[in-house]
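The sequence shown stops at residue 336 when you use the working numbering, and every number in between is there.
Honestly, the hints are just simulated from the structure, not real lab data.
All values derive from a computational prediction rather than experimental measurement.
Just to be clear, a hint being listed does not mean it is correct.
[Said to hold, decoys possible] Capping the alpha-carbon separation at 25 Å, the derived lysine to any residue pairs in SDA-like fashion look like this:
no. : residue 1 : residue 2
1   : K224      : R312
2   : K224      : V214
3   : K194      : P48
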Amino acid sequence: MNETLLVNETAVPAPWIEASDGNSSLELSSKLVEFAINPWDIMLCVSGTIIACENAIVVAIIIYTPALRAPMFVLIGSLATADLLAGMGLILNFVFQYLIPSETISLVTVGFLVASFTASISSLLAITVDRYLSLYNALTYFSERTMFCIHMMLVITWGVSICLGLLPILGWNCLNDLSACSIVKPLTRSNVTLLAISFFVIFMVMLNLYFKICKIVCRHAHQIALQQHFFTTSHYVATKKGVSTLAIILGTFGASWLPFAIYCLVGEHEYPSVYTYATLLPATYNSMINPIIYAFRNQEIQRSIFVLFCGCFQTNVSYRSRSPSDV
10 MNETLLVNET AVPAPWIEAS DGNSSLELSS KLVEFAINPW DIMLCVSGTI IACENAIVVA
70 IIIYTPALRA PMFVLIGSLA TADLLAGMGL ILNFVFQYLI PSETISLVTV GFLVASFTAS
130 ISSLLAITVD RYLSLYNALT YFSERTMFCI HMMLVITWGV SICLGLLPIL GWNCLNDLSA
190 CSIVKPLTRS NVTLLAISFF VIFMVMLNLY FKICKIVCRH AHQIALQQHF FTTSHYVATK
250 KGVSTLAIIL GTFGASWLPF AIYCLVGEHE YPSVYTYATL LPATYNSMIN PIIYAFRNQE
310 IQRSIFVLFC GCFQTNVSYR SRSPSDV
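Between the sequences and the hints, there should be enough to build the whole structure, so can you do that?
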């Protein structure tokens, strides 16, 4: 979508004024200056750069620190890796779109982005499941069975994401039939519908699990209060903080992706592309916020950041593995 800027020439000094029949006259003209780069693409590229930088730090921290091997950190690493790839995908899509325009490369970059964002959303679901299991089966959470379940969730998450990303490359695209295109060319409308419905299913599952987590947290706080024969202010504050955190997580996730998912279902490829950009850009912000919610708020990761960049702590510091509900 190219935008044009109307530039009017202003008055010029006398030596540059052309005379006609002895009378000086100022010739005013308008020029159409065409921008070769779509401003929306620039914003997506900038967003991708920030996403890649943020999540590269998280991935480096988790790889650098052997102590961060608890199940929750494995899932956070998966989320950061998916968001890192998504950020790189946005950058590569911008570069290839304007430097090496090609239908084949377009299919590859779009498929790469589909796989990355699908892995990011699926990793969020895996983190939600892990949080629920850590509270529901608190006594057996740190067993080998838990690590096996975590690895299986990662295999399923990345396996499904890669398969969805390969679909456009394997032929599920609209390059040969433009009437079948969706709001995201070259994805077909049926492909985008599948992705949108999958998002709504994941969102509903997360909503249900977080509702159960809230019930468990409130029940635990009530049991502690009964054991101490009164409900202290600290118990109320802790419960309220936990519920507020869950609300922020779900609210951020929904606010980022719901507009784009809804538009995928109701939008047509004939609609102005500005609508696609206006809903897709906020969706990328979710990958920008994820490191703040799931990584940088964690004390162990904060300490590891100082170790990696400042050397303020010794590398052999012992870490206390916390439950995912504390992340």
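Any of the earlier hints contradicted here, and which numbers? 1
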